[in-house]
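There are 2 protein chains.
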Amino acid sequence: MLYLIGLGLGDAKDITVKGLEVVKHCRRVYLEAYTSVLTVGKEALEEFYGRELILADRETVEQKADNILKDADLCDVAFLVVGDPFGATTHSDLVLRAVKLGIPYRVIHNASIMNAVGCCGLQLYNFGETVSVVFWTDTWKPESFFDKIQKNKQNGMHTLCLLDIKVKEQSLENLMKGKKIYESPRYMSVNQAAEQLLAIVQNRRLQGEEPEVTENTHCVGLARVGAMDQKIASGTLQQMSTVELGGPLHSMIIAGNMHPLEIDMLKLFAVDKSSFEDNECQRNT
Amino acid sequence: MLYLIGLGLGDAKDITVKGLEVVKHCRRVYLEAYTSVLTVGKEALEEFYGRELILADRETVEQKADNILKDADLCDVAFLVVGDPFGATTHSDLVLRAVKLGIPYRVIHNASIMNAVGCCGLQLYNFGETVSVVFWTDTWKPESFFDKIQKNKQNGMHTLCLLDIKVKEQSLENLMKGKKIYESPRYMSVNQAAEQLLAIVQNRRLQGEEPEVTENTHCVGLARVGAMDQKIASGTLQQMSTVELGGPLHSMIIAGNMHPLEIDMLKLFAVDKSSFEDNECQRNT
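If you read the protein sequences in the order shown, they are chains S and E.
Add 4 to a position in the first sequence, counting from 1, and you land on the number used in the numbering used here.
Add 4 to a position in the second sequence, counting from 1, and you land on the number used in the numbering used here.
Watch out, some of these pointers could steer you wrong.
If chains are identical, the list can't say which one is meant, so a pair holds when it fits in one copy or spans any two.
Calculated lysine-lysine pairs in the BS3-like style (CA-CA distance at most 25 Å, straight line) [what the hints assert, rightly or not]:
no., residue 1, residue 2
1, K46, K17
2, K277, K104
3, K17, K28
4, K271, K104
5, K235, K104
6, K271, K235
7, K172, K184
8, K68, K46
Derived from the structure by calculation, the hints contain no laboratory data.
Looking at chain S on its own, in the form it has when it is part of the complex:
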């Protein structure tokens, strides 16, 4: 049996009781290690589980999946994923390959960023399409996510922005030389995401547009959701560009229309409560 097990979002103890039992009895246990991170590392998990984990980077999962699935028809193998196995990143590929090989599988769910962001008070059923905000480079500054955010906002929906993670990336130089030397991991902060969005707002104005999303649009910045030291800040997009949220992982929400109860919740986390008394917020209620 292949078990896909969600680890939740905070630390080692966020695994479910059922998930922990399975981890303890499996022959091999892999830890998916390229789409997200816990606030604790592999060693802390190994100590808590009392067993060794095998790190599975992108290459292993995408190109050597058969290693993971080896003998999984005869013994139990676990594949651990931060959050939920079908959350922000789905592991459909691995499931489809297992099924093709006649290996049964089971999913042990957990919280993922896709549902845990509800803790800010914005209601999950009022979210539209989720977008990914990628790190811009000197030569590549995609804006397509902005159009999706605007479309959601026009429909009154909130937008969850998943912020870029660069793990085990090679520099162009090392890539071309075929050197497997990796850059330090980089995690996009709410500040960086807000700055990119503000730049797009300016671009659109230069192009004669009047964007729906502006520096005054209500947003929520979230850091380390589910961890003991999680931080939530609500305010305008402009405020998000300077708010201090600490270490990774960060996510950001661009609010659509808000119910009074949602506004009351966001006020708990307001950078500046007066921003919830302006015209835009009133109009949105």
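Starting from the known structure of chain S, fit chain E onto it as the hints suggest.
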């Protein structure tokens, strides 16, 4: 401290290790018992936790919240919610009341139906607004959720349909007589939801519309997600009206545009694989 603790979706062992530790040490532990159900009952939870739980029905949570929060500034109180405390139903009211009383709170997240439906292979970031499908009565047959589904579909998005739950409902007669006699709980099945949707499709045609959602639209029926006996079936809306999924809780997804990987996953659960080779599916890829 007030702890809001998600129990996940299946049975007693779906609580997180952290959640279980908190449950064991709290002075009082409430079980929210009107918006969802686990496949196990209160007694099974009490046995697993080794302690007594206090059932909190809608009346207790909405009108007697101060009882729940009593002394929570001096001792620890837990409020258990099936799924996640900020999932399909948010408990913002309780949080706001706690904050007003100066009581600190903490959320221990878990899987909710809002993210666990990802197990069918449709990607969570491609979902639009979530809708609730309510039981029709002889005199009340709302159709507004259908317009939301159509809007999502026009935008290429999937729609999660949360299906009605009637717990502790009084008949009109008993309500008028002031008798606190409650009807048996009712949980809407995928069959019932599909039948209501098919009726709306017919209504719209009678009104001269050509609805975007038809009997041939791809759907997913899900039952007891996260439990050992969960069932998933994919097929047309017409097929959903007769598919056998067993006991509650059920949810349904109306698919929008599908990525080839999403189609491959849905084929695993197909009532009839040939339905994935028709024109609509090809057009959607």
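Right, here's what the structure says about each hint:
{"no.": "1", "hint": "K46 - K17", "result": "both (13 Å within a copy, 24 Å between copies)"}
{"no.": "2", "hint": "K277 - K104", "result": "between (55 Å within a copy, 16 Å between copies)"}
{"no.": "3", "hint": "K17 - K28", "result": "both (14 Å within a copy, 15 Å between copies)"}
{"no.": "4", "hint": "K271 - K104", "result": "between (50 Å within a copy, 12 Å between copies)"}
{"no.": "5", "hint": "K235 - K104", "result": "between (43 Å within a copy, 20 Å between copies)"}
{"no.": "6", "hint": "K271 - K235", "result": "within (14 Å within a copy, 41 Å between copies)"}
{"no.": "7", "hint": "K172 - K184", "result": "within (9 Å within a copy, 62 Å between copies)"}
{"no.": "8", "hint": "K68 - K46", "result": "within (21 Å within a copy, 44 Å between copies)"}
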